[in-house]
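> Listed below, chain by chain, are the residues.
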Amino acid sequence: MSAWRIGQILPSRSVSVLKGGNVWFFRGGAQDPAGYLVSGVRSMLIPSQLSPSLPQSIALSGVSERRRGLAQEKMTENGVFSRDKVLTIDTMNPTVKNVEYAVRGPIVQRAMQIEKELREGVKKPFTEVIKANIGDAHAMGQQPITFFRQVLALCSYPELLNENMFPEDAKNRAQRILQACGGGSVGAYSASQGIDCVRQDVARYIERRDGGVPCDPDNVYLTTGASDGIVTMLKLLVCGEGASRTGVMISIPQYPLYSAALAELGAVQVNYYLNEEKCWSMDLSELESSLAEARKHCNPKALCIINPGNPTGQVQSRQCIEDVIRFAAKERLFLMADEVYQDNVYAEGCQFHSFKKVLFELGPEYSDNVELASFHSTSKCYMGECGFRGGYMEVINMDAEVQAQLSKLVSVRLCPPIPGQALMDLVVNSPQPGEPSHITFMKALGQAPDMFYCMKLLEETGICLVPGSGFGQKDGTYHFRMTILPPTEKLKILLAKVKEFHQKFTQQYS
Amino acid sequence: MDVIDVSWGDPHEGGVKPLTFVRQVLAACMYPELVESDKLPVDVKQRAQSLLSACDGGSVGSYTPTGGISYILCSVSNFISRRDGGVPSSPENIFMTSGSQRSLMLVLKLLVHNQASLPTGVLTAVPASSFFIMMLQSLGAAVVPYYLDEEQGWAIEVEELRRALQASKGVCNTVALYVINPGNPTGHVQSRKCIEKVIRFAAEERLFLMVDEVYQESVFGEGSEFVSYKKVLSEMGPPLSHTVELASFHSASKGFMGECGLRGGYVELVNLDPAVMRYAYTLFSTDICAPVTGQLALELMANPPRPGDPSYPVYAQETQSIRAMLVHNMNWVPEFLNNIPGISCQPMMGGAFVFPGCIYPKQPLRRPRWWGCSLTCGTVNSY
Chain W
1 MSAWRIGQIL PSRSVSVLKG GNVWFFRGGA QDPAGYLVSG VRSMLIPSQL
51 SPSLPQSIAL SGVSERRRGL AQEKMTENGV FSRDKVLTID TMNPTVKNVE
101 YAVRGPIVQR AMQIEKELRE GVKKPFTEVI KANIGDAHAM GQQPITFFRQ
151 VLALCSYPEL LNENMFPEDA KNRAQRILQA CGGGSVGAYS ASQGIDCVRQ
201 DVARYIERRD GGVPCDPDNV YLTTGASDGI VTMLKLLVCG EGASRTGVMI
251 SIPQYPLYSA ALAELGAVQV NYYLNEEKCW SMDLSELESS LAEARKHCNP
301 KALCIINPGN PTGQVQSRQC IEDVIRFAAK ERLFLMADEV YQDNVYAEGC
351 QFHSFKKVLF ELGPEYSDNV ELASFHSTSK CYMGECGFRG GYMEVINMDA
401 EVQAQLSKLV SVRLCPPIPG QALMDLVVNS PQPGEPSHIT FMKALGQAPD
451 MFYCMKLLEE TGICLVPGSG FGQKDGTYHF RMTILPPTEK LKILLAKVKE
501 FHQKFTQQYS
Chain G
1 MDVIDVSWGD PHEGGVKPLT FVRQVLAACM YPELVESDKL PVDVKQRAQS
51 LLSACDGGSV GSYTPTGGIS YILCSVSNFI SRRDGGVPSS PENIFMTSGS
101 QRSLMLVLKL LVHNQASLPT GVLTAVPASS FFIMMLQSLG AAVVPYYLDE
151 EQGWAIEVEE LRRALQASKG VCNTVALYVI NPGNPTGHVQ SRKCIEKVIR
201 FAAEERLFLM VDEVYQESVF GEGSEFVSYK KVLSEMGPPL SHTVELASFH
251 SASKGFMGEC GLRGGYVELV NLDPAVMRYA YTLFSTDICA PVTGQLALEL
301 MANPPRPGDP SYPVYAQETQ SIRAMLVHNM NWVPEFLNNI PGISCQPMMG
351 GAFVFPGCIY PKQPLRRPRW WGCSLTCGTV NSY
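Sequences listed follow chains W and G, in order.
Residues 1 to 510 in our numbering are what the first sequence lists, from first letter to last.
Residues 1 to 383 in our numbering are what the second sequence lists, from first letter to last.
Be careful, since some hints might not be right.
Unchecked claim - For each label pair, taking beta carbons as the anchor points, the in silico distance ranges come out as:
| no. | chain 1 | residue 1 | chain 2 | residue 2 | range |
| --- | --- | --- | --- | --- | --- |
| 1 | W | Leu161 | G | Ile343 | 38 to 46 Å |
| 2 | G | Gly140 | W | Met140 | 49 to 57 Å |
| 3 | G | Ala275 | W | Ile114 | 21 to 29 Å |
| 4 | W | Ile107 | G | Gly86 | 34 to 42 Å |
| 5 | W | Asn369 | G | Ala275 | 41 to 49 Å |
| 6 | G | Ser81 | W | Thr88 | 22 to 30 Å |
| 7 | G | Ser81 | W | Pro311 | 35 to 43 Å |
| 8 | W | Lys97 | G | Ile343 | 29 to 37 Å |
Unchecked claim - Straight-line alpha carbon distances no greater than 25 Å define the calculated DSS-like cross-link-like pairs of lysine-lysine that follow:
| no. | chain 1 | residue 1 | chain 2 | residue 2 |
| --- | --- | --- | --- | --- |
| 9 | W | Lys330 | W | Lys296 |
| 10 | G | Lys197 | G | Lys231 |
| 11 | W | Lys171 | W | Lys456 |
| 12 | W | Lys171 | G | Lys39 |
| 13 | G | Lys17 | G | Lys45 |
| 14 | G | Lys45 | W | Lys171 |
| 15 | W | Lys330 | W | Lys235 |
| 16 | W | Lys443 | W | Lys490 |
| 17 | W | Lys171 | G | Lys197 |
FYI, nobody ran anything at the bench for these hints, they're computed from the structure.
Note that CB positions come from ideal geometry on N, CA and C, so glycine has one too.
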C-alpha cells in the first residue's frame with residue numbers, strides 16, 4: 001500500500017470516552033465501552049456502566065460561571081426580572097450564522113409572500129409567480145413516469161396487486177421491493193445503508209454505465225437525496241483547527257448546498273473559478289493556484305466537482321476529468337463528484353463521462369489509490385422526482401476504518417425514505433425491451449424502441465441504419481431502413497454482424 | 001431457526017398492518033389515475049385530490065417549501081391545537097423533516113456551540129435512546145446524564161436533574177434538557193405535576209427544553225394520560241408560558257400509523273427568539289424539504305377519518321384492534337417478565353418498550369451484572 005493511502009487523507013478517529021465525573025464526552029470511533037450502535041447491527045445496547053456516585057474532582061462552580069456566555073437577566077424599570085432567551089443569536093452555534101442558501105433565500109421567501117398576496121387579491125403587474133429558482137421538473141409541468149408511479153402505488157397499497165389496471169411487470173417489481181422490506185411494508189425501517197437488493201441493483205447500474213468497471217454494493221449508500229450523502233461526506237472530511245482546519249475546494253459558481261454545509265461545519269471554503277469564457281470549463285492552472293494559496297491558511301483535503309455543472313450547465317470533457325484526477329492524485333485530495341445531472345446531457349458533441357470510469361481507465365496507479373465519492377439522485381433528469389428524496393453515493397478506495405465510521409454516521413438518521421429507495425431501484429432498473437411497460441416507458445423518454453435498437457447497433461457494431469419510427473409504421477410494429485447499394489461482399493459482412501447483434505439483443509432483453 | 005427482532009420500535013416489521021386509509025391515500029397520491037378509478041372510497045379520493053392540489057405541479061414528486069406543504073402544516077398545527085385543548089399553534093413554528101431524528105439534529109445544530117472553550121452539554125436521561133447520544137457525539141457535544149428512578153417506574157426526579165446539572169459545571173456549558181415522554185426505552189408516562197416541575201426547573205436554570213413526544217399516541221396504562229409539555233407550559237401562565245423555550249418533536253413512525261419508512265417527523269418551536277427562527281429556517285432549508293411521503297403521512301396522522309366518513313368504520317376497527325393488542329401486551333409482558341427469577345420489570349404505562357432489569361449469578365462475567373435489554377412490546381406474541 002502506498003504511503004499516501006486513504007487513511008492519511010481521512011484519518012480514522014480514535015475514541016476516547018472521557019468520563020469527566022458524570023459527564024460523557026465522545027470523540028467517536030470504534031472502541032466504545034458504552035456499546036453504542038455499531039454499523040449494520042440493529043440491536044441496541046444501553047450504557048452498561050451506570051455509576052450513580054458523584055466524583056469529588058469536579059469543582060462546583062458558581063451560578064455566574066454556569067451562565068458564562070448566556071444572556072443575563074435584566075431588571076426592567078418596574079423592578080421585575082425579564083428573562084432573556086437561552087437561545088439567542090449570540091448564544092447560538094456561531095457557524096449557523098454563516099449559513100446561506102440562496103435557492104431558498106430572501107428572494108424565494110419574498111416570492112412566497114407575493115404568491116400569498118396574489119391569492120388574497122392584491123393587485124400586481126403580473127398574475128402569477130413563475131418559480132424557476134430550483135430544478136424542480138414536476139413543478140414546471142413535467143409528467144412523472146407512469147411505470148414508476150404505478151410501482152410506487154402498488155408498494156403503498158399492495159391490495160392493488162389484484163387489480164387489472166396495472167401491468168404485470170409493475171406488479172412484479174412492486175412484489176420484489178416489498179419482499180425486501182421489513183414486514184413486507186414500505187413503512188418499516190430499512191438498514192441504514194439502504195435496502196440490500198436496491199444497493200445491488202444500483203451497483204449493477206453503475207457497472208453498466210461505466211462499461212463494466214466493477215462496483216461493490218457494499219460501497220453503495222442510499223441517501224435522502226444526493227444532499228444527504230454530500231453533507232455526510234463533508235462531515236467525515238472536516239476536522240482540525242486553525243491552520244490545520246480542513247479546506248474544501250468548490251467551484252465558483254457552485255450549488256450553494258456546498259457553501260452552506262462548509263459554513264455550518266466551520267470548514268474553510270477554497271474557491272476555484274470556472275472559466276466563463278470557455279463555457280465554464282475547469283482550468284488546471286486555476287486549481288493549482290487556488291490550492292497553493294489555500295495551503296497558506298488551511299489544510300485542503302477535498303475537491304468537489306459538479307458535472308454536469310450546476311448552475312453552469314457545463315459538461316466536462318474526458319480530458320478535463322483525467323486532468324482533475326491526476327491533480328487530485330498528485331495533491332492528495334479526496335474527490336467528490338456530484339453527478340446528479342448525468343442524464344441531462346443535450347448538446348451535440350457533449351457526453352457525460354463518470355469520474356469513476358475515467359479513474360479506472362487511467363490504470364491502477366490512480367484507480368487503486370485516488371479516493372472518490374460520487375453522487376446521484378432521483379430528483380433530476382427524466383425522473384424529476386425531487387419530493388421523494390431518493391439518492392445514492394458510491395465511495396471508492398475509502399479506508400476501511402473510515403468506512404466503518406461512515407456506516408455509523410449514516411445510522412444516526414436511521415434510514416432514507418423507503419419510497420425514495422424504491423424509486424432509485426426503478427431508475428437504475430427501468431423496464432427492458434420485451435417487458436409490458438417498456439414501450440410506454442421509452443415513449444415517455446421520447447425514445448421509440450426502434451430508435452433504441454438502432455442506437456445500440458451503432459454503438460456496438462458501427463453499423464448505421466435508420467429506425468422505422470422516422471418513417472411512420474403501424475402501432476406496435478418496428479422496422480429499420482438500410483440501403484442495398486454497397487458491394488455484395490461488404491453487405492455480407494454487414495448483415496452477418498446485424499444477425500449476430502439481433503440474436504444477442506433478443507436474448508439479452510427477453 | 002428464525003431471527004425474531006424485537007429490538008426496534010418498528011410496528012410493520014413486527015407484523016402490524018398499515019392503516020388502510022393511509023395506504024389508499026398514499027397510493028392515489030403516487031398514481032393519480034386511481035383518483036378517477038372506482039377502486040377507492042370517496043373520502044380517500046377527495047383527500048388525495050386535496051393533497052395533490054397542494055403540491056406544486058399537482059405532483060408529490062415536486063419539492064415543497066422548506067417547512068413543508070402549507071396545507072399540511074395547517075393540518076398539523078390544528079392537530080396540535082386540538083390535542084392541547086385549544087392552545088394556539090402556528091404553522092410558521094412547525095418544520096416537517098425526514099423523521100423526528102432529523103428535527104432533533106437540526107435543533108441541536110442550533111444549540112451546540114462547537115467553538116466555545118467548554119463543550120455544550122445536554123442533560124440526557126439514563127437510560128436513553130442511543131441515537132440521541134450518537135447525535136450529540138457527532139456534534140462534539142457532551143452528554144450530561146441524569147438517572148431515571150427505576151423504583152418509581154423510571155420517573156424523572158427534579159433533584160436528580162439538579163444534581164446532574166451541578167456536576168456538569170466547569171466541565172461543559174449545559175444549555176438544554178432532553179426529555180422523552182412517553183419514555184424510550186422505559187415506557188414511563190410523566191404526570192402533569194412532574195412536567196410542571198421539570199418546566200420550572202428548566203426556567204430556573206435557563207435550559208432549552210427538547211421534548212421528544214413521538215410515543216404520545218401509545219399511552220394505554222391504567223391511570224396514565226399523555227399531556228404535552230406545550231399544554232402544561234401554556235397552563236402555567238405567564239411569565240413562564242411566554243418565555244420558556246421549547247422544541248417538541250413528533251413523528252408518523254409510531255402510534256397507530258407506524259410508518260417509520262416514510263420518514264415523516266416534525267418539530268414545533270415554541271417561544272424562540274425571532275432572530276434565531278430566521279436562522280433556523282435557513283438551516284432547515286439546506287435539506288430543501290422533508291420527503292413528501294413523510295409529509296403525507298403526517299397529514300393523515302393529524303387528520304384521520306372521522307365518524308360519518310366512508311373510511312371511518314375500517315379505520316376505527318383497525319386502530320381499536322391495534323390498541324387492544326397493545327393494551328394486552330402492555331399488561332402481560334411486564335407481568336410475565338417479573339415472574340422470571342432474576343428479572344424485574346417496572347409497569348409499562350406507554351410507549352413501545354419495556355426495560356426490565358436482569359440479575360446474573362456471581363460468575364466471572366465479561367459483562368457487568370446489571371444491563372438492560374429492550375423488547376418491543378407490541379410485537380411479542382401471546383403464548
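> Confirm or reject each hint.
Going down the list of hints, with the structure as the test:
1. Leu161/W to Ile343/G: 38 to 46 Å: With Cβ atoms ~44 Å apart, the hint holds.
2. Gly140/G to Met140/W: 49 to 57 Å: violated, 41 Å
3. Ala275/G to Ile114/W: 21 to 29 Å: Given a distance of about 24 Å, which is inside 21 to 29 Å, the answer is holds.
4. Ile107/W to Gly86/G: 34 to 42 Å: holds, 37 Å
5. Asn369/W to Ala275/G: 41 to 49 Å: Taking Cβ atoms as reference, Asn369/W and Ala275/G lie about 48 Å apart, which means the hint holds.
6. Ser81/G to Thr88/W: 22 to 30 Å: holds, 28 Å
7. Ser81/G to Pro311/W: 35 to 43 Å: Given range 35 to 43 Å: holds, Cβ gap about 41 Å.
8. Lys97/W to Ile343/G: 29 to 37 Å: For Ile343/G against Lys97/W, whose Cβ atoms are near 51 Å apart, the range 29 to 37 Å is violated.
9. Lys330/W to Lys296/W: It holds: about 18 Å lies between the C-alpha atoms, which stays within 25 Å.
10. Lys197/G to Lys231/G: Judged against 25 Å, a Cα distance of about 14 Å means the pair holds.
11. Lys171/W to Lys456/W: violated, 28 Å
12. Lys171/W to Lys39/G: holds, 16 Å
13. Lys17/G to Lys45/G: holds, 21 Å
14. Lys45/G to Lys171/W: Holds. Lys45/G to Lys171/W sits at ~22 Å (cutoff 25 Å).
15. Lys330/W to Lys235/W: holds, 23 Å
16. Lys443/W to Lys490/W: violated, 35 Å
17. Lys171/W to Lys197/G: violated, 55 Å
Hint check: violations occur at hints 2, 8, 11, 16, 17; the rest are consistent with the structure.
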